[in-house]
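J.: The primary structure of each chain is shown beneath.
Number of protein chains: 4
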Amino acid sequence: MIYNDKQLQIIGTAERLFANKGFDGTSVRDIADEAGVNIAMISYYFGSKEKLMEALFSKRSSDINLQVETLLHNEEIAPLQKMESLVDSYIDKVMQKQQFFKIMICEQVINKNPVIISLIHDLKKKNTEAINKLIKDGQQKGAFKKNIDVLLLINTLIGSITQMMLTSDYYKEYNGLQDIPEDQFFEQVKEKMSKHVKFLFKALLTYEV
Amino acid sequence: MIYNDKQLQIIGTAERLFANKGFDGTSVRDIADEAGVNIAMISYYFGSKEKLMEALFSKRSSDINLQVETLLHNEEIAPLQKMESLVDSYIDKVMQKQQFFKIMICEQVINKNPVIISLIHDLKKKNTEAINKLIKDGQQKGAFKKNIDVLLLINTLIGSITQMMLTSDYYKEYNGLQDIPEDQFFEQVKEKMSKHVKFLFKALLTYEV
Amino acid sequence: MIYNDKQLQIIGTAERLFANKGFDGTSVRDIADEAGVNIAMISYYFGSKEKLMEALFSKRSSDINLQVETLLHNEEIAPLQKMESLVDSYIDKVMQKQQFFKIMICEQVINKNPVIISLIHDLKKKNTEAINKLIKDGQQKGAFKKNIDVLLLINTLIGSITQMMLTSDYYKEYNGLQDIPEDQFFEQVKEKMSKHVKFLFKALLTYEV
Amino acid sequence: MIYNDKQLQIIGTAERLFANKGFDGTSVRDIADEAGVNIAMISYYFGSKEKLMEALFSKRSSDINLQVETLLHNEEIAPLQKMESLVDSYIDKVMQKQQFFKIMICEQVINKNPVIISLIHDLKKKNTEAINKLIKDGQQKGAFKKNIDVLLLINTLIGSITQMMLTSDYYKEYNGLQDIPEDQFFEQVKEKMSKHVKFLFKALLTYEV
DNA sequence: AATGAATGAGAGTTCATTCAT
DNA sequence: TATGAATGAACTCTCATTCAT
Chain W
1 MIYNDKQLQI IGTAERLFAN KGFDGTSVRD IADEAGVNIA MISYYFGSKE
51 KLMEALFSKR SSDINLQVET LLHNEEIAPL QKMESLVDSY IDKVMQKQQF
101 FKIMICEQVI NKNPVIISLI HDLKKKNTEA INKLIKDGQQ KGAFKKNIDV
151 LLLINTLIGS ITQMMLTSDY YKEYNGLQDI PEDQFFEQVK EKMSKHVKFL
201 FKALLTYEV
Chain C
1 MIYNDKQLQI IGTAERLFAN KGFDGTSVRD IADEAGVNIA MISYYFGSKE
51 KLMEALFSKR SSDINLQVET LLHNEEIAPL QKMESLVDSY IDKVMQKQQF
101 FKIMICEQVI NKNPVIISLI HDLKKKNTEA INKLIKDGQQ KGAFKKNIDV
151 LLLINTLIGS ITQMMLTSDY YKEYNGLQDI PEDQFFEQVK EKMSKHVKFL
201 FKALLTYEV
Chain U
1 MIYNDKQLQI IGTAERLFAN KGFDGTSVRD IADEAGVNIA MISYYFGSKE
51 KLMEALFSKR SSDINLQVET LLHNEEIAPL QKMESLVDSY IDKVMQKQQF
101 FKIMICEQVI NKNPVIISLI HDLKKKNTEA INKLIKDGQQ KGAFKKNIDV
151 LLLINTLIGS ITQMMLTSDY YKEYNGLQDI PEDQFFEQVK EKMSKHVKFL
201 FKALLTYEV
Chain D
1 MIYNDKQLQI IGTAERLFAN KGFDGTSVRD IADEAGVNIA MISYYFGSKE
51 KLMEALFSKR SSDINLQVET LLHNEEIAPL QKMESLVDSY IDKVMQKQQF
101 FKIMICEQVI NKNPVIISLI HDLKKKNTEA INKLIKDGQQ KGAFKKNIDV
151 LLLINTLIGS ITQMMLTSDY YKEYNGLQDI PEDQFFEQVK EKMSKHVKFL
201 FKALLTYEV
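Protein chains in written order, with the working numbering: chain W, 1 to 209; chain C, 1 to 209; chain U, 1 to 209; chain D, 1 to 209.
Certain hints may be false.
Since the list gives no way to pick one copy over another, a pair counts as held whenever it fits inside one copy or between any two copies.
Said to hold, decoys possible - Listed next, the in silico DSS-like pairs over lysine-lysine satisfying Cα-Cα at most 27 Å (straight line):
hint : residue 1 : residue 2
1    : K190      : K146
2    : K133      : K49
3    : K195      : K125
4    : K141      : K190
5    : K141      : K59
6    : K172      : K136
7    : K198      : K124
8    : K21       : K198
9    : K146      : K49
10   : K112      : K172
11   : K136      : K146
12   : K93       : K190
13   : K172      : K126
14   : K49       : K195
15   : K190      : K6
16   : K124      : K172
17   : K112      : K141
18   : K124      : K190
Simulated from the structure, these hints should not be mistaken for laboratory data.
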């Protein structure tokens, strides 16, 4: 699906508003006003508010295809390093696309729109498969232990990152970082999260119970 | 604050609907209908839809005071065991009060109502302090390593559990558990999560990098 | 009709609120709250909000029976002086019972409640008759001219006073009296109005065209 | 501000209903129904019921700019005649726009909406200034006495006319005019009022006390 | 292709009143 | 006698969507 400039502008505005006010808390008037387009354009271009959400979701989902392929076939990189590289990739993705992930979280909770549910399901499936390949690869090479529950691994990965995202205000306050610039804070958090999750992954992938 | 039966019924219904359809996706008419009360009762008892949310949040928050005190002062229990006991307690809490936690997640994303924000903040503060005590205690006794980031620890704890909650449908499908009874599934998940998080905690608390 | 203390309190509060916010702009809850009584008491004591208005109107109307009788039969007082005395009496009445007159003005405009309309009608009739007597008396004694239109006379009397009441804020500002105490302002206005209306009455009653 | 036909229709209907039932006694449904438009149109066109009132008030206010200018600069007309011409102009205005004046009276009593208050204030200011010019002119030419209180003059003018408006039913009954056609009654009242107020003005402007 | 005008449906809230106690 | 609890009805306003142009 290819969108013109106005459609992309609408999608971008909708993403921001859905992320900050929720789907039901955002009116098409809000979106139209902030996007600087006529109200009727949303229905005209996307059919309905709901279909706009689906378009936005579909678009952003397709942007999040992990570049796991190159990693997988590069035999020179050690399995754990591959996985660590993947972890950084995830952290980057979530931090860069916070708004989309916020929307995704709420949609998972509310669980109403079957199209969205299906898209999320596909996303999860791809993630699971990609990481499963890495795990299998590592296990074959003897770098990873047996009996790794990939879903628990992913849960901890995604859960830790999104939880940080949800509690960043509290994190800032607790660490006295209220006044540092946002981008600087981002870098700091990413650094911390990276070390933290890599440590967890190393444990989950290599330490025997 | 003490509520009568009808108020509790309204709160309970509101909790379920807010969790499943979101705050803005739930109308007071929905709540009134499902609770079997007159629509005017919501304003009559709580003042407004927003204040009903606050009442519900306030009530459930006060219910989630962790019984960490008894753990803390029992000198016979080893620090790691104390922490593991706490982990189980958290998992129980979240699994039992899934609806409330779903609401809390969305409220953190949307971040609109200052009263709710404040209540969530308080909840986090209490959690942080309680776990910090346990960590300090364990460090003094030499059971835990130095340089433990308590917020990252909690993020991983809460994040892993809530992520499991959000993805339980996918988890079921992936593990072919679609057809087992809900309570049985719960037990299985709790068991898994317990082992998983305890393993993570042991690593975070005791393994040097 | 005799009212107990609580009923009188309700009537007093209702009068103030009806005067300041209008009948339809005042809720029975407002009245009950400000009067410090239970909401149900208004219906209980008066039957309805409308009947409360009628009770209030009826009560205040009966309070406004002019003491014209003594004037009429005092043969020692000259007709013009009698009339001037009556003018002062009216000015006093209106200024003292401003709230009631405000209500009466609005009720005349809205013209909805037949009971109120009837009470206002009676009030006007009594006024007309009383002043007519004075006029006839003055004419018989040769003090007043013939062909006096009593209704125009009364209109100018009442109209001038109530108009002053309605525009007192503007009058204050125009004359730089914003900061003087309210009672002092009242006295000043009454003095001015008295002279002004007496002058008009003298003209209307004695000057030939 | 320019309004289209539907907006003017709404304003016209609102004026009639506000005048007859008061602002709070008129629902937007009433207005929409009687104007034959969809209920949502009121908010759509004017923003809110309150803003509709302001629009109506603003529109009618701007219509009431007295044509005093031509009078002022015509040196051939004697001051008293100028003033009498102005009196007739006022009487015409109020009688023609009775509904608006009824609304204005109630708004002055209730005194709630600051926009309306401000518009009324402006109207009064313009009136005062216009009449003040005429008075000064007449005084310079020796036609009017000194020490004329312009506000009392206006109060009596406006007060007498509006009072007549409020009591026209009683006036009809008293004079046995219940059955004559409305327009004929209007003419009769205007004629009477004109003579009456001109007489008052002549006294106020020329007779020494 | 694009949009201003318009609308039925439904939102949250307040209303005057009733009723069991 | 007096009232807290409760309610159906009505309130104003916003909603997503449609339609003629």
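J.: Would you pick out the hints that fail for this structure and give their numbers low to high?
T.: Hint check: 2, 4, 5, 8, 9, 14, 15 and 17 fail, others pass.
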